Amino acid sequence: MATKLNIKDKYRLLTRDLDWDFDYQDRKEAFPQEDFEGIKITDWSKWEDPFRLTMDAYWKYQAEKEKKLYAIFDAFSQNNGHVNVTDARYVNAIKLFLTGVSPLEYQAHQGFAAVGRQFSGVGARVACQMQSLDELRHVQTQVHAMSHYNKFFDGFHEFPHMHDRVWYLSVPKSFFDDARSAGPFEFMIAIGFSFEYVLTNLLFVPFMSGAAYNGDMATVTFGFSAQSDEARHMTLGLEVIKFLLEQHEDNLPIVQKWINKWLWRGYRVLALVAMMMDYMLPNKVMSWKEAWEVYFEDAAGSLFKDLARYGIVMPDYVETIAKEKEHLSHQAWWIFYNFTHASAFHTWIPSAKELDWLSEKYPSTFDQYYRPRFELAAEMEKAGERFYCSGLPQLCQVCQIPMGFTEMDNPTLISYRDSVYKDDRYHFCSDGCKTIFDDEPEKYVHSWLPVQQIFQGNCGGADVETVLKDYYRINMGADNMEYAGSPDDLRWKAWKGVA
Amino acid sequence: MTIEIKTATLEPVRNTFAHIERRFGDKPATRYQEGTYDLQAVANFHYKPMWQPEYELNDTRRTAIQMEDWYAFRDPRQFYYGTYVQQRAKMQEVAESNYSFFEKRNLADLLSDEVKAKLIRFLVPLRHVEHTANLNNVYGTAYGYGTAITQALLYDGMDRFGIAQYLSRIGLIFDGNTGDKLAEAKTYWLQEEVWQGMRALCEETLITKDWFELFVVQDLLMDTLNYDIFFNQFEQWLRDNGAQDVAMLMEFMQNWHKDTSRWVDAVMKTAVAESEANKATLETWISAWRPKVEAALAPLAEEMLGAQALPLAQAELDKRLNKAGLFK
Chain A
1 MATKLNIKDK
11 YRLLTRDLDW
21 DFDYQDRKEA
31 FPQEDFEGIK
41 ITDWSKWEDP
51 FRLTMDAYWK
61 YQAEKEKKLY
71 AIFDAFSQNN
81 GHVNVTDARY
91 VNAIKLFLTG
101 VSPLEYQAHQ
111 GFAAVGRQFS
121 GVGARVACQM
131 QSLDELRHVQ
141 TQVHAMSHYN
151 KFFDGFHEFP
161 HMHDRVWYLS
171 VPKSFFDDAR
181 SAGPFEFMIA
191 IGFSFEYVLT
201 NLLFVPFMSG
211 AAYNGDMATV
221 TFGFSAQSDE
231 ARHMTLGLEV
241 IKFLLEQHED
251 NLPIVQKWIN
261 KWLWRGYRVL
271 ALVAMMMDYM
281 LPNKVMSWKE
291 AWEVYFEDAA
301 GSLFKDLARY
311 GIVMPDYVET
321 IAKEKEHLSH
331 QAWWIFYNFT
341 HASAFHTWIP
351 SAKELDWLSE
361 KYPSTFDQYY
371 RPRFELAAEM
381 EKAGERFYCS
391 GLPQLCQVCQ
401 IPMGFTEMDN
411 PTLISYRDSV
421 YKDDRYHFCS
431 DGCKTIFDDE
441 PEKYVHSWLP
451 VQQIFQGNCG
461 GADVETVLKD
471 YYRINMGADN
481 MEYAGSPDDL
491 RWKAWKGVA
Chain B
500 MTIEIKTATL
510 EPVRNTFAHI
520 ERRFGDKPAT
530 RYQEGTYDLQ
540 AVANFHYKPM
550 WQPEYELNDT
560 RRTAIQMEDW
570 YAFRDPRQFY
580 YGTYVQQRAK
590 MQEVAESNYS
600 FFEKRNLADL
610 LSDEVKAKLI
620 RFLVPLRHVE
630 HTANLNNVYG
640 TAYGYGTAIT
650 QALLYDGMDR
660 FGIAQYLSRI
670 GLIFDGNTGD
680 KLAEAKTYWL
690 QEEVWQGMRA
700 LCEETLITKD
710 WFELFVVQDL
720 LMDTLNYDIF
730 FNQFEQWLRD
740 NGAQDVAMLM
750 EFMQNWHKDT
760 SRWVDAVMKT
770 AVAESEANKA
780 TLETWISAWR
790 PKVEAALAPL
800 AEEMLGAQAL
810 PLAQAELDKR
820 LNKAGLFK
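Protein chains in written order, with my numbering: chain A, 1 to 499; chain B, 500 to 827.
Keep in mind that the hints were calculated from the coordinates and are not lab data. Honestly, I wouldn't trust all of these hints.
[As the list claims (entries may be wrong)] Cut-off 30 Å, straight-line C-alpha distance, at most; resulting in silico cross-link-like pairs (DSS-like, lysine-lysine):
#1 Lys615(B) <-> Lys65(A)
#2 Lys151(A) <-> Lys547(B)
#3 Lys10(A) <-> Lys685(B)
#4 Lys68(A) <-> Lys617(B)
#5 Lys60(A) <-> Lys547(B)
#6 Lys617(B) <-> Lys40(A)
#7 Lys10(A) <-> Lys589(B)
#8 Lys603(B) <-> Lys422(A)
#9 Lys547(B) <-> Lys434(A)
#10 Lys4(A) <-> Lys708(B)
#11 Lys505(B) <-> Lys493(A)
#12 Lys493(A) <-> Lys791(B)
#13 Lys685(B) <-> Lys67(A)
#14 Lys505(B) <-> Lys67(A)
#15 Lys685(B) <-> Lys46(A)
#16 Lys4(A) <-> Lys505(B)
#17 Lys547(B) <-> Lys8(A)
#18 Lys778(B) <-> Lys10(A)
#19 Lys496(A) <-> Lys526(B)
#20 Lys791(B) <-> Lys10(A)
#21 Lys526(B) <-> Lys67(A)
#22 Lys8(A) <-> Lys617(B)
#23 Lys818(B) <-> Lys469(A)
#24 Lys615(B) <-> Lys28(A)
#25 Lys28(A) <-> Lys526(B)
#26 Lys151(A) <-> Lys505(B)
#27 Lys28(A) <-> Lys617(B)
#28 Lys617(B) <-> Lys443(A)
#29 Lys505(B) <-> Lys68(A)
#30 Lys526(B) <-> Lys65(A)
#31 Lys685(B) <-> Lys65(A)
#32 Lys547(B) <-> Lys40(A)
#33 Lys60(A) <-> Lys589(B)
#34 Lys4(A) <-> Lys685(B)
#35 Lys60(A) <-> Lys757(B)
#36 Lys4(A) <-> Lys547(B)
#37 Lys67(A) <-> Lys589(B)
#38 Lys791(B) <-> Lys778(B)
#39 Lys40(A) <-> Lys615(B)
Computed from a prediction, not measured in an experiment: that's the story for all the values here.
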């Protein structure tokens with residue numbers, strides 16, 4: 001009679017024994033990327049499979065989830081679900097998501113396919129391949145969820161084209177290009193660990209919670225449906241770091257350096273999320289500051305305590321981030337308020353009630369530094385002088401965010417750092433970005449900086465308007481500019497029957 | 500009489516995304532279209548890949564095949580993730596019931612020792628070939644160009660991982676879940692003369708750099724010949740030798756191959772029709788690899804089925820090459 005196999009043994013027999021030692025070719029040539037980063041793997045068989053999902057079980061579970069998800073999408077469209085969101089201003093948050101984040105899911109799909117081919121350990125490979133497939137799911141279901149919004153709102157219609165070109169979208173794009181152009185182990189620390197494990201509750205989840213709080217049935221249903229995928233990705237991220245640290249003591253300084261780099265790199269991308277949470281959601285979930293405290297300071301704090309036994313310490317610049325949490329979202333929203341004519345979503349001055357909420361959530365900074373600015377801008381708007389910044393901003397060479405962040409000890413002074421490399425001077429928004437550049441200047445001199453590219457004439461136009469219209473494909477006067485009076489605003493009022 | 504639910508109709512501002520409209524006109528799009536076309540980044544990459552600084556992250560130059568539009572590789576099955584997993588879930592449900600039926604009724608006990616030995620020696624080691632196919636297809640996803648073909652390559656790659664696991668389960672059925680027969684089968688794979696050509700071929704594909712070449716070698720040449728020998732002719736042999744029940748364990752692979760061949764044939768036809776240069780490149784690759792693939796399979800085919808088996812499989816391959824517009 002057949003013995004019953006436990007899951008671990010079954011998975012080993014079905015999966016781990018599929019590979020073999022080569023006799024006819026050099027195995028190193030089949031898996032050529034494992035050595036150049038300096039990571040030492042002594043024994044792949046020590047890899048603990050983070051989830052032991054056979055392929056047939058994967059098809060079965062995922063198909064059930066897809067069936068339910070698409071039933072909701074269909075019902076959402078059939079019933080004009082978009083008119084049930086709290087306010088059309090909300091939709092700008094998911095414009096930012098589709099143009100800025102969904103293409104990252106696609107890059108994750110590609111990146112995990114690459115490591116899913118490159119790792120010479122079969123267990124790690126298969127886990128990465130499944131994540132690659134999941135990430136493809138995520139980008140496609142996001143596109144399908146937002147397909148309905150695209151039919152009724154501006155700013156969604158050119159999302160892949162814009163992601164490759166528009167200035168603020170180069171922030172998330174360059175982040176992922178950075179990870180994918182690195183070696184396989186750095187990719188795993190960058191995306192699998194730092195992004196999917198440490199920062200996921202600060203990136204992916206705020207958008208989904210925002211959807212839940214604002215009546216966006218399509219997006220929040222996607223969020224729930226992706227939850228179990230994300231849980232698998234998190235266990236993979238954690239297994240990777242433990243595996244690398246247990247394999248060889250020489251891996252520790254390399255891994256620590258990557259953790260430092262990718263926490264900062266990821267945090268800079270989160271500037272977009274911070275402003276989304278504090279400014280773009282009509283119904284707020286929590287403030288950026290609270291989110292950082294709950295999901296990083298508390299949750300990641302205990303994670304790093306856990307990793308201390310391997311010698312891992314808290315990443316650099318965490319103190320800087322802690323100071324910045326009082327300022328980040330306000331400074332970011334101000335940048336976008338200034339440059340809304342060049343963006344594919346709308347901005348606005350927070351309502352009186354929202355300003356009060358911000359004062360309450362940021363008692364030590366908002367009234368002192370930011371409220372007066374917004375009140376002045378509101379007055380100008382009232383007088384018919386809505387303010388837009390006509391110049392082009394200088395960008396940080398690493399994170400590519402316009403240089404609008406300030407010194408934390410003096411929030412009226414813009415923070416500038418620079419380095420000289422091969423006779424050229426490069427500019428940064430922060431010590432974090434400067435440190436990353438100084439460690440790998442040869443990589444970051446290649447950054448495709450949107451503003452420089454415009455000035456060099458590589459974006460097809462001599463003046464900014466031509467660049468926006470023809471190169472970015474922004475529908476001028478519809479996708480961009482102030483929310484009040486925009487076609488989105490007017491249509492929303494017509495649907496709602498308000499003047 | 501029909502019931503009539505009144506709904507509010509709101510006039511949409513546009514039917515679909517602009518890139519879909521440019522391709523297919525101003526009309527509502529399918530989910531396959533919106534989930535596939537132009538999703539992959541094409542411009543303004545920020546950094547040189549450290550593992551291949553001569554190319555961009557996404558780069559058409561990683562294969563000798565050239566296309567005016569890489570999205571010409573439309574999948575006739577129109578698989579995006581949702582349709583893919585739902586289709587495979589249906590197939591796995593049937594497979595699961597087949598495997599359970601086979602195990603529950605101890606159908607393995609009805610097989611002769613000769614048949615059992617043959618299954619362990621010839622069918623179970625094939626899981627290592629399927630594992631190679633997994634890697635070769637995922638390679639195309641990682642380094643290929645354009646979502647239309649790269650997503651289909653991933654579906655194929657994951658399918659092969661699934662098939663490798665089904666083949667492993669056949670081994671487990673025959674060893675009472677101890678893994679002994681899997682180990683025995685692996686010894687054949689690693690040591691027995693008859694398998695060494697196939698293993699050398701697999702190892703060679705794994706160091707092949709051009710992803711489209713690899714697609715042709717794996718998904719067209721190897722799969723056409725292997726699937727005809729192992730899942731068509733060998734199944735016939737099992738039927739002829741009182742082991743028709745085993746066919747239940749092979750149904751997934753047969754249906755899978757039928758389904759996937761539609762896509763492979765469509766890709767080949769499109770690549771050939773694109774240009775004379777593509778056609779020449781494909782013919783050069785096929786002329787170089789086909790003899791190797793056939794030589795690797797020949798001893799296996801002969802021992803499993805006799806001398807007439809390989810020519811029958813070759814005729815299948817000829818048909819498909821012809822259908823793609825090659826060598827004529």
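Evaluated hints:
Restraint check for Lys615(B) and Lys65(A): the C-alpha separation of about 39 Å exceeds 30 Å, so the hint is violated. In summary, the hint linking Lys151(A) to Lys547(B) is not supported, as the alpha carbons are separated by about 37 Å, beyond the 30 Å threshold. Straight-line distance between C-alpha atoms of Lys10(A) and Lys685(B) comes to about 16 Å, which keeps the hinted pair within the 30 Å bound. This hinted pair does not check out: Lys68(A) and Lys617(B) have alpha carbons roughly 44 Å apart, beyond 30 Å.
Distance hint between Lys60(A) and Lys547(B) is unfulfilled; the C-alpha atoms sit about 39 Å from each other, more than 30 Å. The hinted pair formed by Lys617(B) and Lys40(A) fails the criterion: a straight-line CA distance of about 42 Å is larger than 30 Å. For the suggested pair Lys10(A) and Lys589(B), the alpha carbons sit about 23 Å apart, so the restraint of at most 30 Å is met. Distance hint between Lys603(B) and Lys422(A) is unfulfilled; the C-alpha atoms sit about 72 Å from each other, more than 30 Å.
For the hint linking Lys547(B) to Lys434(A), the alpha-carbon distance of about 19 Å falls within 30 Å, and the restraint holds. With a CA separation close to 42 Å, the supplied pair Lys4(A) and Lys708(B) exceeds the 30 Å bound. For the hint pairing Lys505(B) with Lys493(A), the CA-to-CA distance comes to about 22 Å; that is within 30 Å, so the pair holds. Pair hint Lys493(A) plus Lys791(B) does not hold up; C-alpha atoms about 69 Å apart against a cutoff of 30 Å.
The hinted pair formed by Lys685(B) and Lys67(A) fails the criterion: a straight-line CA distance of about 39 Å is larger than 30 Å. The suggested pairing of Lys505(B) with Lys67(A) holds, with an alpha-carbon distance near 26 Å, which does not exceed 30 Å. Proximity of Lys685(B) to Lys46(A) is assessed by CA-CA distance (about 21 Å); at most 30 Å being required, the pair is judged to hold. The suggested pairing of Lys4(A) with Lys505(B) is violated, with an alpha-carbon distance near 57 Å, which exceeds 30 Å.
Under the criterion of a C-alpha separation no larger than 30 Å, the hint pairing Lys547(B) with Lys8(A) is inconsistent with the structure, at around 40 Å. At roughly 45 Å between alpha-carbon atoms, Lys778(B) and Lys10(A) are farther apart than 30 Å, so this suggested pair is violated. For the proposed pair Lys496(A) and Lys526(B), the alpha carbon gap of about 26 Å is at most 30 Å, so the pair holds. A threshold of 30 Å between alpha carbons decides the hint, and for Lys791(B) with Lys10(A) the separation of about 35 Å lies outside it, so the pair is violated.
At most 30 Å may separate the alpha-carbon atoms for a hinted pair to count; Lys526(B) and Lys67(A) meet this at roughly 25 Å. Distance hint between Lys8(A) and Lys617(B) is fulfilled; the C-alpha atoms sit about 29 Å from each other, no more than 30 Å. Of the pairs offered as hints, the one joining Lys818(B) and Lys469(A) is violated, with about 51 Å between alpha carbons and a cut-off of 30 Å exceeded. As the CA atoms of Lys615(B) and Lys28(A) are separated by approximately 36 Å, the hinted pair breaks the 30 Å bound.
Restraint check for Lys28(A) and Lys526(B): the C-alpha separation of about 51 Å exceeds 30 Å, so the hint is violated. In summary, the hint linking Lys151(A) to Lys505(B) is supported, as the alpha carbons are separated by about 21 Å, within the 30 Å threshold. Pair hint Lys28(A) plus Lys617(B) does not hold up; C-alpha atoms about 34 Å apart against a cutoff of 30 Å. About 55 Å separates the Cα atoms of Lys617(B) and Lys443(A), which puts this hinted pair outside 30 Å; it is violated.
Only pairs whose Cα atoms come within 30 Å are accepted, and Lys505(B) paired with Lys68(A) is accepted, the gap being roughly 25 Å. The straight-line distance between the Cα atoms of Lys526(B) and Lys65(A) is roughly 29 Å, inside the 30 Å bound, and the hint therefore holds. Between Lys685(B) and Lys65(A) the CA atoms are separated by roughly 36 Å; this puts the pair beyond 30 Å, and the hint is violated. Proximity of Lys547(B) to Lys40(A) is assessed by CA-CA distance (about 24 Å); at most 30 Å being required, the pair is judged to hold.
Proposed proximity of Lys60(A) and Lys589(B) is supported: the alpha carbons are some 8 Å apart, at most 30 Å. Distance hint between Lys4(A) and Lys685(B) is fulfilled; the C-alpha atoms sit about 22 Å from each other, no more than 30 Å. In summary, the hint linking Lys60(A) to Lys757(B) is supported, as the alpha carbons are separated by about 21 Å, within the 30 Å threshold. Taken as a hint, the Lys4(A) and Lys547(B) pair is broken in the structure, with Cα atoms around 50 Å apart against an allowance of 30 Å.
Distance check on the hinted pair: Lys67(A) and Lys589(B) sit about 12 Å apart at the alpha-carbon level, within 30 Å; holds. A hinted pair counts as satisfied when its Cα atoms are at most 30 Å apart, and Lys791(B) with Lys778(B) qualifies at roughly 20 Å. Of the pairs offered as hints, the one joining Lys40(A) and Lys615(B) is violated, with about 43 Å between alpha carbons and a cut-off of 30 Å exceeded.
Comparing the model with each earlier hint shows violations of hints 1, 2, 4, 5, 6, 8, 10, 12, 13, 16, 17, 18, 20, 23, 24, 25, 27, 28, 31, 36, 39; every other hint is respected.
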